[in-house]
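Undergrad: Assemble chain D onto chain R, guided by the hints.
So the protein lines, in turn, are chains R and D.
Residue 508 in this note's numbering is what sits at position 52 of the first sequence, and the numbering runs on without skipping anything.
Residue 451 in this note's numbering is what sits at position 88 of the second sequence, and the numbering runs on without skipping anything.
No wet-lab data here; the hints were simulated from the structure.
In this text the structure is predicted, and so the values were computed from the model without any measurement.
One should not assume that every hint holds.
[Stated by the list, open to error] With a cut-off of at most 30 Å between alpha-carbon atoms, the simulated BS3-like pairs for lysine-lysine come out as follows:
1) Lys-391(D) with Lys-535(R)
2) Lys-440(D) with Lys-391(D)
3) Lys-535(R) with Lys-440(D)
[Said to hold, decoys possible] Output of the computed footprint for chain D on chain R, the stretches with three or more beta carbons under 8 Å from beta carbons of chain D:
4) 465–471
5) 484–497
6) 500–508
7) 511–521
[To be verified] Derived list of chain D stretches under chain R, where covered just means 3 residues or more per stretch with a C-beta under 8 Å from a C-beta of chain R:
8) 364–374
9) 377–389
10) 394–400
11) 415–429
Cβ atoms here follow ideal geometry from the backbone N, Cα and C, with glycine treated the same way.
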Amino acid sequence: MTLALQALAITILISVALGIYRIERGPTGTDRMLSAMLFGTSGVALTLVLSELTDLGGLRDMALTFALLGALTAVAFVKRAWGADD
Amino acid sequence: MMAVFDILLVGMLIWIAVGSLNENRLFKSVVMFIVFGLFMAIAWIRLGSPDVALAEAAIGAGVTGALMLDAVGHLRKRDTPYPAESGPMENADD
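Next comes chain D alone, as it looks inside the complex:
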């Protein structure tokens, strides 16, 4: 019964990873990355290492997700879409 769970979990991990990388809308990639962190934490639980799972959930899903959402918001404020054609110092004040 848990073999079914494991196969489903691995399949969804691969699905999320491909969906996160093979996507040119930045926000969707970031959301997929956050979800990938959550699922990787559950995969670490299944592998029998709850401390690694705790670190993965805290760093991979939480802090990195918040930082990347912040970065998407900053990129959104620019006039030109990413990758910016203009110089890097244009909106450096915010």
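Only chain R is shown next, with the shape it has when bound in the complex:
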């Protein structure tokens, strides 16, 4: 079970690495911002997996913070910075 969780954490990290390539390449700012939103979701998943691996139950609060602030960043992007860097 521990091995499966560790493999899952590494898999999520590799998927995020593919998303960083999208930030490097992405032609418009919206592509880059959507990739950052994906990282917020992946951060929630990664935090929950690490919470199971390390027996730190308080990490679930941090997953909640990730979810909340991902939405906040998305709102800030749509309201203020849409169309920048196109």
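TA: Okay, now just chain D, sitting in the frame of chain R:
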């Protein structure tokens, strides 16, 4: 197995940090900075300090990211690109 995770995490942190600093498009730098905050929070978890990770996620990734996106939007409204040649009081009303 977790050593592989740690090496991947450190490598990606360095990649994101270099990509955030070595870039002259401002919006891309801001997005890279937000992602750097997220990854630094996960690195703090791996270092065994979840409270620092919580503060990093809230301040580094969330609030600073929103403020910087706001600043990019304001700079976008100016006629001249950054750094502005004109005076600082030109668009001071918004």
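Undergrad: All hints are to be evaluated individually against the structure, with a verdict given for each.
TA: Evaluation of the provided hints:
no. : hint                       : verdict
1   : Lys-391(D) with Lys-535(R) : holds, 17 Å
2   : Lys-440(D) with Lys-391(D) : holds, 17 Å
3   : Lys-535(R) with Lys-440(D) : holds, 13 Å
4   : 465–471                    : holds (count 4)
5   : 484–497                    : holds (count 7)
6   : 500–508                    : holds (count 3)
7   : 511–521                    : holds (count 6)
8   : 364–374                    : holds (count 6)
9   : 377–389                    : holds (count 5)
10  : 394–400                    : holds (count 4)
11  : 415–429                    : holds (count 9)
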